[in-house]
Amino acid sequence: MDLNMSLVAREASPGLGLGLNGLPRITPTKTTKKPKKAVLFFEVEILDAKTREKLCFLDKVEPHATIAEIKNLFTKTHPQWYPARQSLRLDPKGKSLKDEDVLQKLPVGTTATLYFRDLGAQISWVTVFLTEYAGPLFIYLLFYFRVPFIYGHKYDFTSSRHTVVHLACICHSFHYIKRLLETLFVHRFSHGTMPLRNIFKNCTYYWGFAAWMAYYINHPLYTPPTYGAQQVKLALAIFVICQLGNFSIHMALRDLRPAGSKTRKIPYPTKNPFTWLFLLVSCPNYTYEVGSWIGFAIMTQCLPVALFSLVGFTQMTIWAKGKHRSYLKEFRDYPPLRMPIIPFLL
Amino acid sequence: MAAAAATAATKGNGGGGGRAGAGEAGGARKKKGPGPLATAYLVIYNVVMTAGWLVIAVGLVRAYLAKGSYHSLYYSIEKPLKFFQTGALLEILHCAVGIVPSSVVLTSFQVMSRVFLIWAVTHSVKEVQSEDSVLLFVIAWTITEIIRYSFYTFSLLNHLPYLIKWARYTLFIVLYPMGVSGELLTIYAALPFVRQAGLYSISLPNKYNFSFDYYAFLILIMISYIPIFPQLYFHMIHQRRKILSHTEEHKKFE
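Chains as they are written, first to last, in the UniProt record's numbering: chain V, 1 to 346; chain Y, 1 to 254.
Calculated directly from the structure, the hints in this document are not laboratory data.
Quick caveat: nothing in here was measured; it's all calculated off a predicted structure.
Glycine included, each C-beta is placed from N, C-alpha and C at the ideal position.
Fair warning: there could be bad hints in the mix.
A few chain V positions that, by computed beta-carbon distances, are all more than 12 angstroms from chain Y [claimed, not checked]:
id: 1; residue: Pro83
id: 2; residue: Thr110
id: 3; residue: Val126
id: 4; residue: Lys154
id: 5; residue: Gly312
id: 6; residue: Asp333
id: 7; residue: Pro335
SDA-like cross-link-like pairs, simulated, lysine to any residue; straight-line CA separation at most 20 angstroms [said to hold, decoys possible]:
id: 8; chain 1: Y; residue 1: Lys207; chain 2: V; residue 2: Lys201
id: 9; chain 1: V; residue 1: Lys201; chain 2: Y; residue 2: Ile228
id: 10; chain 1: V; residue 1: Lys201; chain 2: Y; residue 2: Val105
id: 11; chain 1: Y; residue 1: Lys207; chain 2: V; residue 2: Thr163
id: 12; chain 1: Y; residue 1: Lys207; chain 2: V; residue 2: Val128
id: 13; chain 1: Y; residue 1: Lys79; chain 2: Y; residue 2: Leu90
id: 14; chain 1: Y; residue 1: Lys207; chain 2: V; residue 2: Thr226
id: 15; chain 1: Y; residue 1: Lys207; chain 2: V; residue 2: Pro225
id: 16; chain 1: Y; residue 1: Lys207; chain 2: V; residue 2: Arg161
id: 17; chain 1: Y; residue 1: Lys207; chain 2: V; residue 2: Thr223
Looking at chain Y on its own, in the form it has when it is part of the complex (with noise of 0.2 angstroms):
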């Protein structure tokens, strides 16, 4: 669901270019795009975290390379991971400011969700960092992530080539399912530990009449994938077939 989330609501990061995401109807297009500085801002901030998710992707193939097995592979790229997606916050404030024209909304729920699996399940549980369910969300979200803040960089410099579009529209039909089951079945191994640790939890009796039951909590979470992934997920091939048709008849009369 971050995976999906990520893909399918962001118009953001910038972009004349493209129709990233989130449903803009077909015909109003406004041209209030951000300024001179905001978009040089911009340009600098899609270009580092393209490098960033390089820098994992890399840092993947270089320790499978080195340990010959393609498990426990998520120590390797922990800090990188835990930097560039804890740095993608900023998109939050991106809205925010104006200077993206995505919801402020949406984009909180789909940087926070990633945040979520990252801090409160993958750091907090050390347990389940070597579950290879945690490589089958890190591959989906670091190939998701290149395609996307290229996307926006090129977007912005208006120039931004049809392979790009293609993948970000196309890729994301296997991507998402894959990062989707990742982050489930992480969160599900989870649990235990979770159970047994009373990890972020409360119970009464205390002063302030509160509990939280963060086991209960995670399986809440996974409940509401059930809803929110088929959602998301449809959107993004809605639009799919709204901008690859787009620019194949775009294509025709060149």
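The following block holds chain V by itself, in its conformation from the complex (with noise of 0.2 angstroms):
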């Protein structure tokens, strides 16, 4: 139908792409394929969204072209503008185009104008997860290890008396080793990329608390929970069953989405107890999260844990707001019991 438009379109104004005889006119520029039939080309004309400089035109798109095919032919003429980087909108303050995004289904005459973004230089979700997970997993062995420079030189590869000390390593140890086995095997990531500078601000965040906490637990003067082994023995129930529940949603999500796709659907409980927190919140792999770290800190009755822990809820609690928002815009059925992160409460 939107082909039929366009011929319209097309017989109805003169001297766009037709020649003096009527038949199109062929233009040596940038293609995509060769036309089996007399087949309508659209032009793309890209401009700058600031300055409304024009940058490129491309001439005789296909209309079935998508997005991310206009990229790949933007990037052609522009090559430090890799696809990644770019964002391309119909209005220069709107919505980015979606890379899948059909050039005949959008509301374009059949020569687009499309506005262009640099959204800067651009990394991997997967590269920025793993150096900022194996940071910590690292650094607190450092810490744990005693190496030397870090308490007084008596303390060197020395080790804590406590045992609490080296049950929380081992916890610490495998929270980071999960979160790495994870980002290379179980998330599937709707974003490729992300911009680079996100990645000296989050590793900061992470090697820098996790140094801070480590600090302290290895410390030699350490003081073990007030409760004593009762205390450490229900926080450890807590990190446990967390991290466990942790992994089920992960899992839950991960089943949602076929691979390679980039689908979105309501996440529903299934037959693994741990997902039936899915009826109260929207994001249980964060409510988990947190109580992890809770139970983290109550095992180690540790300060900088605490703030640790509750600088990481203000975080997550953001963004399980704003996914139930999305939710609640994208499906109309969504089940109205759901709270973004803490149930009945937030």
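Dock the two chains into a complex; use the hints.
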């Protein structure tokens, strides 16, 4: 139907790709494919969203070309702007078009004007995750083994006499190993990349806090929890349950989305009891994550751990609220009982 | 830095008139200012603050004339200084509520840095109160604030005398470095006393496995001036060029 409309538009407006004899004009510039019939081609002009400067003119673009293909064409003339850092939009202040969007399905005439915004240098999510999680794993161990120049020299390579300190090391290391494995084998990312500066920001956060927590927990003057083994056992139980919960949610989310796709569906509880939290919250993975860190804080009775949990909770609540809002916008039949991150409360 | 930040970052406290500080792109002028009630409140706020800092200025002059020297003048203006500088915390609220178009984060940062110097350094470490460096930043702040609050007052009333605009965007050239020097010297003077008294510090071992060394913290604060102050200073210089030349052009066409 769109094709017919385009045909009418073409014939109605002379000089738009049609030569004097009414046949399509052959213009020797950028084309995607050779036409089989007299297929209508689009022209795409790309302007800078801020300066309105004309950056690129694409002649003879197939009507069913996707934004992804247009981005690839644009990269040819401006190689410094690889597709991942291009944001193309119909309106300079509007939302970015998706890679899967098809040109002829967009509300454009046969000459489409797209506005370009540079997203800045990009880095893949996988790279960021691996770096930001490998750091804490390694850094914590430096403190645990009391490598020189951290504590006084008489403590170099000594071992703590408190059981809870060894337990804490196992829990912390397990947590980050789990995260690394999930990044490699479980998660399916909607976006390939994020801005490069994020890796510095994120690593400072994770690595900094890991060092700060590890310093106190592994300190020679560390004080074990007030309520002793009871407290540690309870905390360990909370930690393990929440780790299993978090993992279950990650698996459930992975199964929602087939490999290589970017579809979004409402998550529902499965047979796994840990996923039943979906009945009450949109982002139970965050709920369990906070729970894990609260467990760890109780286990170590260490204020920096509690502060880390608080900061993490704040950030995850912001993310959960955003996700919850997206779900509500996208799905009319979204379960009304669910809260973003804390059942009934938040 | 507290001195620098205060002038640099706030568009704040109302002001449809001049371009008050932190980069708004030249073109887009959002005329979505505060309503009449909010404007009335802000005018009162800014007038009161102008008056307050004038009281401090007068207090300094009178104390100097009475004592015959410029040493230890802090004691004569200690109370109004604490009151009016702490009162500036309201400006964070103004941004949060939206009656002032500045960033909450930026405003918080600058007000908190001032409040930190007043309470966590000068008030807490009695021994520095007689230092000359205190006078240095108090004078810098006093002049800056009198100009800044009157700037906002006039802007809100849509009647900004060029002199005030000029003063705000010119005097900082001297007042910033002066204020920053005063602040840094004061913090530096406080260090040995903080070390001695273990002020605001917690050491291991303790029940919550936490420690805080206020002495090290103050040193970190001093170091942070190195990246922050030049940025704020050159931002103001940039603003100055933009705003004062803009007015010059307008005057030409009158």
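Return the numbers of the hints above that this structure violates; sort them in rising order. Structure breaks hints 8, 12.
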